[in-house]
Amino acid sequence: MSTETLTATHTHHDEHAHHEHHEPSFIRKYVFSTDHKMISKQFLITGIIMGCLGMLMSLLFRIQLAWPDESFGFLETLLGRWAKDGKIDPNYYMALVTIHGTIMVFYVLTAGLSGTFSNLLIPLQVGARDMASPFMNMLSYWFFFLSSVVLLSSFAVETGPASSGWTVYPPLSALQKAMPGSGLGTTLWLVAIILFIVSALLGGINYIVTVLNMRTKGMSMNRLPLTIWAFLLTAVLGLLSFPVLLGAGLFLIFDRSFGTSFYLSDIYLNGIGALTNSGGSPIMYQHLFWFLGHPEVYIILLPALGITSEVIATNARKPIFGYSAMVISLLSIAVLSFIVWGHHMFITGMNPFLGTVFMYVTLIIAVPSAVKTFNYLATLWKGNIRFTPAMLFAIGLVSFFISGGLTGIYLGNAALDVQLHDSYFVVAHFHLVMGSAAIFGMFSGIYHWFPKMFGRMMNSTLGSLHFWLTFASAYMVFFPMHFMGLAGVPRRYYQFSLIPEFGIWMNVNIFITVAAILGGAAQILFLYNFFRSIFKGKPATQNPWESNTIEWSTPVKHLHGNWPGAIPTVYRGPHEYSRPDRELDYFPQHEVGNGEPVHYEGPAEVQKTYATDNKESASKVFFSSFAHLFMLRKA
Amino acid sequence: MSTSTVNNTPKEFSPKTFIIWLFIVASTMLFLAFCSAYFVHQGDGVRNNAWLKFDLPFEFWISAGIVIVSSIFMQMAYRAALRDDIYKVPSLLTVTLICGIAFCISQYYGWLNLMDRGLFFSNKEPAEISASFVYVISAAHFAHIIGGLVLLTVGIIRASRLQIHKKNMVFINICKTYWHFLGILWILLLLFLYFA
Ligand code: HEM
Ligand SMILES: [Cu+2]
Chain A
0 MSTETLTATH THHDEHAHHE HHEPSFIRKY VFSTDHKMIS KQFLITGIIM
50 GCLGMLMSLL FRIQLAWPDE SFGFLETLLG RWAKDGKIDP NYYMALVTIH
100 GTIMVFYVLT AGLSGTFSNL LIPLQVGARD MASPFMNMLS YWFFFLSSVV
150 LLSSFAVETG PASSGWTVYP PLSALQKAMP GSGLGTTLWL VAIILFIVSA
200 LLGGINYIVT VLNMRTKGMS MNRLPLTIWA FLLTAVLGLL SFPVLLGAGL
250 FLIFDRSFGT SFYLSDIYLN GIGALTNSGG SPIMYQHLFW FLGHPEVYII
300 LLPALGITSE VIATNARKPI FGYSAMVISL LSIAVLSFIV WGHHMFITGM
350 NPFLGTVFMY VTLIIAVPSA VKTFNYLATL WKGNIRFTPA MLFAIGLVSF
400 FISGGLTGIY LGNAALDVQL HDSYFVVAHF HLVMGSAAIF GMFSGIYHWF
450 PKMFGRMMNS TLGSLHFWLT FASAYMVFFP MHFMGLAGVP RRYYQFSLIP
500 EFGIWMNVNI FITVAAILGG AAQILFLYNF FRSIFKGKPA TQNPWESNTI
550 EWSTPVKHLH GNWPGAIPTV YRGPHEYSRP DRELDYFPQH EVGNGEPVHY
600 EGPAEVQKTY ATDNKESASK VFFSSFAHLF MLRKA
Chain B
0 MSTSTVNNTP KEFSPKTFII WLFIVASTML FLAFCSAYFV HQGDGVRNNA
50 WLKFDLPFEF WISAGIVIVS SIFMQMAYRA ALRDDIYKVP SLLTVTLICG
100 IAFCISQYYG WLNLMDRGLF FSNKEPAEIS ASFVYVISAA HFAHIIGGLV
150 LLTVGIIRAS RLQIHKKNMV FINICKTYWH FLGILWILLL LFLYFA
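As given, the protein sequences belong to chains A and B, one line each in that order. Residues in the first sequence are numbered consecutively from 0, following numbering that gives the first Met the number 0. Residues in the second sequence are numbered consecutively from 0, following numbering that gives the first Met the number 0.
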């Protein structure tokens, strides 16, 4: 047995050594790379760029909300005909809100977060040379890239980008003439989202296969770092829900361009008259959309929770409190997220009984969420805490998860939601739990794994400053929105100064906008720190955080295939920090206890072509094969 | 290399096969979305007296027959490869491919049949929305078949290069899994449309 093991290992190595002889060309290395580490950086940097754009859009519409009656010359300079006389055009305001939401939800917090960290960490933390299909992985990035370009290109369209909200509800989205953004802008939005779905599926399938099939020896499921559990479940959620969004989008495309009426019925369009479409139902779109939409919010949150779990355990120098409870709560959140979508539709006239069912299942989600929160707090309790920037952001996530999660419970009550739906209360809820908590998880991951990605350290003073400014401004921006929502201020309105009842909120709106600008400015610190550190940061040591997980056993300089020698074998779970029987306060998963055998590299390679002496051409084989089929020739 | 005894039995369930299974899960979700939309819509439609019941084109049933035949050939090709009867694999895969093309033609005539009866993709009457659903569901399946035909073509090329045999079953396993999925899917969709 042992000799065979060695042979297998060796042949694999030879192959690798062979690979390393010729450096891949620039294009293969940086552009069409199939290396998961490079693809991860591509996702991250694209995500950061999209994030900046999304943030700038939000600042533009926040300016409109704070000073609806004033005009600003710089807006006209910046937006041209969309801000004549220095005031943002109402339709353009809607477009900004829509594209901001789309970018943040899909491009930053789905692709930017999952794409970056699943790609980086799955092979490195489960102990694989690369993804199951590196080629599909590369396609996944390029579909994402193309999708981003198509989405942004809608800003160059004469009628402007899609404007019916990130949920693109029909009929606004289904009728090309409903509003300016419903024309070409929405078409481009739909194309972009279809490309995005393809990207998400290609990536997600790869993540699942890699986690389930390609773990190194000893990496049993109950030794997986919680990041990997989270990425796995995220990918499963995506696999099951994105196809449904595809279906919803296809129906929408048919209604827009092929004259069908899946979502349309009895519509009168100002200036055009009554439409002939009939028989359709716009509510059906909402069902299909939210069947994706709710799992989607967990697609966003779970990776952030996974990252936080590892960062908190590492920096509290303690095992995560209740590993199995953490896994089980992730699992139950994942399962429950498929049966609660109706809580976004309480006021669509659904049967009250159905509404009640959705209400109860929604409220049950609070249980696993609370388990996670308490476990985080229990892990921090009496920990030997190292306040690295990553740790600060992880703790920030816990804070936002609590404050945002609690309002979810209000919204989940069908009776309360009648009042709160489509108000700023909802905006406050999801910006805390997603716009802040998940973003903080992403920042935490960036600060923590930056040394692994780029081989250098980020500046931690700037990191802490970035944390405190962002933390404070996020609360200042989103907390007051709860009160506005309770008072009935609706979301997606362009000019509150036209409604005297909302006059008392003007000052609050100004406060929020100023805080948002402050928060936006704080991100400059991050951008500076990030891009400077890529080139000029302090060189990283191999395991800068003294972490247990095996990605830190790879050399600082990236290798194709990750480990120069054999892939390490794993001997224990990821959280053995501060073990009383050890001098060091950590115990890496791969550290050999007492001379366990060298890891074996998987089965020998399959034999490619059938071993036959006569070299026949493919066409000859093809034609003679029919003779064989009809027994004219014997094999 | 091939003498290594690390594992003698061909390892069929490679990560690549797993990928096709996950793809199947994703497509299944797409069709579930279509079917549940159909269901919900039908409920509304029937309540408002706006849901046309009509006979499915008989070509669709012929397609189902073709699909079964094609699956049998697919299975024979797979068995041949497993037996290392390598010289039969290309032709059997070709027969499968031809059945697949016949399926496409039959579906096309099915759509013509619907149009002859005045049932178009975009409905003229509210009640005819049921026909729109039939188009969407059958066309989405058709698109999947096209993918299957591409896969089979690659399979034929590989088989003709003698790259499909007992020790290299991964690709044909993928073809087989996907092709049987498409067949079963069509039969289930047809039964759904018939009974729903
Ligand atoms: C304790 C768990 C949670 C509960 C009970 C909950 C409940 C709800 C409810 C009932 C709504 C609908 C409000 C309405 O439109 O009237 C809602 C909206 C929303 N929630 Fe949550 N939520 C929870 C956690 C989360 C998490 C973790 C995220 C994201 C990471 C999230 C993201 C969102 C988003 C994006 C919306 C608004 C969608 C829109 O209308 O644009 N929620 N939530
Ligand atoms: Cu939800």
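Please note: incorrect hints may appear among the correct ones.
[What the hints assert, rightly or not] Looking from chain A toward chain B, a few residues come up when the C-beta cut is under 7 Å (computed):
#, residue
1, Val243
2, Gly246
3, Tyr267
4, Leu268
5, Ile271
6, Leu274
7, Gly278
8, Met283
9, Thr608
10, His627
11, Met630
12, Leu631
The hints are simulated quantities; they were obtained by calculation from the structure and are not laboratory data. Just so it is clear, CB atoms sit at the ideal spot from N, CA and C, and this is done for glycine as well.
Okay, the hints, checked on the actual structure:
Checking Val243(A) against chain B by beta carbon gives a least distance of about 4 Å; that is within 7 Å, so the hint holds. The closest approach between the C-beta of Gly246(A) and any C-beta of chain B is roughly 4 Å, which is under the 7 Å cut-off, so the hint is satisfied. Interface restraint check: Tyr267(A) against chain B, minimum CB-CB distance 16 Å, threshold 7 Å, status violated. Because the beta carbon of Leu268(A) sits about 17 Å from the nearest beta carbon in chain B, more than 7 Å, this interface hint is broken.
A hinted interface residue such as Ile271(A) counts as satisfied when its beta carbon comes closer than 7 Å to some beta carbon of chain B; here the least separation is about 17 Å, so the hint is violated. Of the supplied interface hints, the one on Leu274(A) is violated, with its beta-carbon coming no nearer than about 12 Å to a beta-carbon of chain B, more than 7 Å. Nearest Cβ of chain B to the Cβ of Gly278(A): about 3 Å, under the 7 Å cut. The hint holds. At its closest, the beta carbon of Met283(A) sits 6 Å from a beta carbon of chain B; the interface hint therefore holds under the 7 Å criterion.
Restraint check, Thr608(A) versus chain B: the minimum CB separation of about 5 Å is within 7 Å; hint holds. Interface restraint check: His627(A) against chain B, minimum CB-CB distance 4 Å, threshold 7 Å, status holds. Checking Met630(A) against chain B by beta carbon gives a least distance of about 10 Å; that is not within 7 Å, so the hint is violated. A cut of 7 Å between beta carbons decides the hint on Leu631(A): the least distance to chain B is about 11 Å, and the hint is violated.
Going through the hint list in order, the structure does not satisfy hints 3, 4, 5, 6, 11, 12.
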